[in-house]
Amino acid sequence: MSELIAELKVKLIDILNLQDVNPEDFDENGQLVGGELGIDSIDVLEMVVMVEKDYGIVINNQEVGEKVFFSLANLADYIEKNSSGSLS
Amino acid sequence: MTERQVYIGGAGIVSPLGVGLGATERTLLENRSAIKPLELFPLMQGSPLPVGEAGGMTRVSVLPRTHMLALTAAQQAMEGYNHSPDAIVIGTTTGGILTTEELLRSNEQKKDLYRNHGLNTVVSFLARELNCTGPALTVSTACSSGTVAISMALKMLRRGQVEAVLAGGVDSLCRLTYFGFHSLQLVDNSGCKPLDRNRQGMVVAEGAGLLLLTTVKPQNPYGVLLGAGLSCDAYHPAAPHPEGTGAFSAMQNALADGGLSPDDISYINLHGTGTPDNDLAESKALHKLFISLPPLSSIKGASGHSLAAAGGIEAVVSTIILSRGLLPANTGLQEVDPELGLTPLSDPLECPVRAVLSNSFGFGGNNGSLVIGKADIFSGPVEVPSRRGLAIHGYSCLTGAGATAASITRMHDGGSVAGRAELDMISKNLPPRLIRRLKRLPRITLSLAAGARGNPDSVFMGTGWGALSETCDFLTRLKDSKEQFPSPTDFVGSVHNGPASQVAIMFGATGPNITTSGGDYSFEQALFAAELMHDESAGPAVIIGADEGHDIFSPLFDPSIEQGSTLADGGAAFCVNRKTGGADCSISIPYYESSRADGAVAALVDSLGGVSFLQNSCALILAGIPAASRREGELQLEQFMAQTKLSAPVLRYRRLTGEFASASAVAAALAVSFFETGAVPRGITGRSEIVIDSRMNKILVLGFGSYITAMEFSRL
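Chains as they are written, first to last, in numbering that gives the first Met the number 0: chain A, 0 to 87; chain B, 0 to 715.
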């Protein structure tokens with residue numbers, strides 16, 4: 000799990016271009032969307048694409064999306080629970 | 000002043016609803032949806048999404064589909080009118096992109112095949128076909144483009160400089176918009192149900208809707224264009240303001256512009272895209288403006304959302320509504336969303352109609368509303384057309400040499416500033432969080448807007464090619480992922496008005512926000528729009544011209560940029576208002592005509608005050624001759640100098656700026672810098688310094704080539 004969280008921190012900083020955030024400063028329990036990082040609906044969609052592309056998990060339901068992207072920890076949890084157990 | 004009624008003398012339409020007014024009316028009367036699965040282009044995988052495809056486009060042409068849609072509507076609108084229009088204003092976001100997508104996929108490198116890519120090629124094509132030699136302008140404000148184009152035509156006609164203008168919107172389906180809206184999860188896979196409790200989004204469509212507007216009363220006018228209102232949410236690049244504040248002010252401004260009250264409106268044609276956010280925001284704006292709502296509906300459940308064309312198509316539909324007394328139903332609606340508090344028409348309704356309010360709202364919070372009424376009922380506008388000329392209170396520029404001071408200093412020495420500034424340098428004064436998703440053009444634009452100082456309410460931006468990085472990256476990732484993973488970020492960033500909407504967000508600029516795209520005359524068109532649309536009473540505006548040099552796309556698209564040549568880019572921004580106190584100088588655009596017009600150069604001289612006036616006041620000429628138009632441009636300049644016998648020095652400014660579409664914005668900044676220092680230095684004149692005094696007080700920035708333009712800078 001902690002490996003996945005560390006991996007996601009690097010991925011999110013990259014795809015959302017969070018230039019002024021270091022992986023070690025990224026609070027996995029902090030509010031992800033609408034929080035102080037300025038992450039909005041377009042970023043959520045970009046993360047949806049990443050989750051589908053890199054982990055093969057489709058999120059196309061707004062309610063599920065709101066829970067999954069509430070925090071980075073939630074996202075990692077969701078990926079772990081929904082992947083076929085073959086995650087490295 | 001004389002009141003000038005603007006009549007609708009002709010109307011042309013091609014859309015999923017049909018080709019022509021009759022076919023469109025029948026589809027509306029049948030309350031039938033024309034939405035069906037995509038057939039226009041093949042997909043690499045998956046089943047096609049529902050779209051609104053225009054039928055009847057069987058004419059084979061090498062021209063892109065957008066151009067052919069526009070021509071079909073234009074020929075209908077011009078039927079029975081025996082002259083050429085004095086001007087054409089077209090709203091479009093797609094230009095030749097459908098053709099470009101196919102060329103790129105086959106890795107086509109022949110530059111000539113991309114000659115109809117640019118947005119401005121649509122209006123240039125119409126101007127040639129209709130023999131229009133007046134201004135041919137392109138507006139690109141996403142889904143409000145057609146409406147903004149019509150509102151610009153209205154102002155031109157009221158000002159009295161033209162008698163007949165063809166205006167409206169056009170867009171063709173293409174992969175960019177089809178996959179782009181899909182990537183934003185804004186498409187309803189089951190078809191479009193605006194205002195429905197279970198609405199899930201829009202359906203991307205295409206078409207063209209054009210009006211022939213004229214101040215000469217036709218025998219049987221379709222109606223009168225009573226008013227137009229524009230606004231900007233200044234809130235988010237893709238989502239509407241949740242309270243509909245921009246939508247409210249666009250509608251309110253349109254009513255005020257036409258001298259009407261909400262009670263005068265018989266029917267509201269909603270923007271009503273069917274996305275949960277749009278319909279809710281629009282309903283809030285409606286409740287705020289109307290105490291009791293007239294009948295209303297969205298036709299997008301029948302037609303889909305044809306983006307830039309929507310405003311034009313719905314303006315044409317409004318003329319059908321007026322002339323036939325037919326109110327269209329809200330097609331596709333099953334159960335109205337109780338949260339909206341609206342009662343849309345469930346069936347078409349035949350009843351007399353006095354005035355229609357038509358809404359169009361777009362990405363970047365670009366909003367426009369039109370009021371169209373029956374002729375001879377309403378007394379018309381009371382507006383005093385705004386004066387020519389805007390006062391410049393601040394400016395900035397950006398070139399390969401760097402920011403304003405570095406660029407201006409080098410140009411004063413006669414040195415070249417051609418090149419591309421480093422992205423880090425461009426971004427260094429911009430908040431990292433604000434720009435993290437922005438690529439080169441929006442960063443250039445924000446940096447320029449911030450450097451021009453002032454706190455603008457309105458934004459006028461000209462860009463020849465728009466956000467090339469975002470467009471290229473979107474199409475590349477689309478292809479590489481076999482159409483599975485298009486980027487929502489790049490799609491939102493790819494729209495031409497993206498950079499100007501970022502400026503609006505940065506400054507909270509809620510006034511008109513217009514992006515023009517006119518090839519090498521893009522900045523001139525932005526100035527034209529600003530002079531026209533910036534009301535006397537309005538606060539400051541920023542006028543921007545900017546383009547990015549893109550390794551792949553610039554040499555492929557821009558006729559003046561050769562493959563393998565060193566790229567140049569940048570632009571300039573100007574903080575302007577109508578108050579002359581403390582200003583550096585004034586800026587205006589007295590001339591903008593096709594070089595095909597008879598006696599174009601003589602008309603240019605006249606527009607500038609004539610020979611002796613010019614001889615006694617013109618200190619310097621900055622001539623813009625794009626490399627691709629060198630022969631004809633040099634000839635035009637030669638004719639101008641021969642006719643005026645001017646002794647003022649002439650600087651071909653592209654020698655300093657390099658070749659890029661909005662180089663004239665940098666030339667404009669250079670002109671303003673001479674008013675700041677009070678003299679044109681030796682590095683520019685090639686001889687002694689020229690002092691700008693109360694007599695020699697004008698600098699001209701002239702554009703040559705397929706169009707001839709004049710920007711005039713005067714000491715105040």
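Simulated from the structure, these hints should not be mistaken for lab results.
Among the clues, some could well be false.
Beta-carbon label-pair distances, calculated as ranges [what the hints assert, rightly or not]:
1. A:G37 x B:E38: 39 to 47 Å
2. B:K478 x A:M0: 31 to 39 Å
3. A:K80 x B:S260: 52 to 60 Å
4. B:G55 x A:G37: 41 to 49 Å
5. A:G34 x B:P36: 35 to 43 Å
6. B:L422 x A:V9: 16 to 24 Å
In silico DSS-like links for lysine-lysine, alpha-carbon gap of 25 Å or less [to be verified]:
7. A:K80 x A:K52
8. A:K66 x A:K52
9. B:K481 x B:K35
10. B:K427 x B:K109
11. A:K52 x A:K10
12. B:K287 x A:K52
13. B:K110 x A:K10
14. B:K110 x B:K478
15. A:K10 x A:K66
16. A:K66 x A:K80
17. A:K10 x B:K109
18. B:K110 x A:K52
Using N, Cα and C, we set each Cβ at its ideal position, and we do this for glycine too.
Within a Cα-Cα threshold of 25 Å, do B:K110 and A:K52 meet the stated pairing? violated, 35 Å
Compare the distance between the alpha carbons of A:K10 and A:K66 with 25 Å, and conclude whether the hinted pair is satisfied. holds, 19 Å
Restraint check for B:K110 with B:K478, where alpha carbons must lie at most 25 Å apart: holds, 21 Å
Is the gap between the beta carbons of B:K478 and A:M0 within 31 to 39 Å? holds, 36 Å
Pair hint A:K80 and A:K52, alpha-carbon separation not exceeding 25 Å: holds, 17 Å
For A:K52 and A:K10, compute the direct alpha-carbon distance and say whether it is at most 25 Å. Roughly 12 Å between the alpha carbons, so the hint for A:K52 and A:K10 holds.
Do the alpha carbons of B:K287 and A:K52 lie within 25 Å of each other, as the hint requires? violated, 44 Å
Pair hint A:K10 and B:K109, alpha-carbon separation not exceeding 25 Å: Not satisfied, since the Cα-Cα distance of roughly 38 Å exceeds 25 Å.
Quick check on a hinted range of 39 to 47 Å for A:G37 and B:E38, using CB atoms only. holds, 41 Å
Starting from the hint 16 to 24 Å, judge whether the C-beta atoms of B:L422 and A:V9 obey it. holds, 22 Å
Given the hint of 41 to 49 Å, is the C-beta distance from B:G55 to A:G37 inside that range or not? The hinted range 41 to 49 Å holds for B:G55 and A:G37, with Cβ atoms some 47 Å apart.
Beta-carbon spacing of A:K80 to B:S260 - inside the hinted bounds 52 to 60 Å or not: Distance hint for A:K80, B:S260 holds at roughly 58 Å.
Going through the hint list in order, the structure does not satisfy hints 10, 12, 13, 17, 18.
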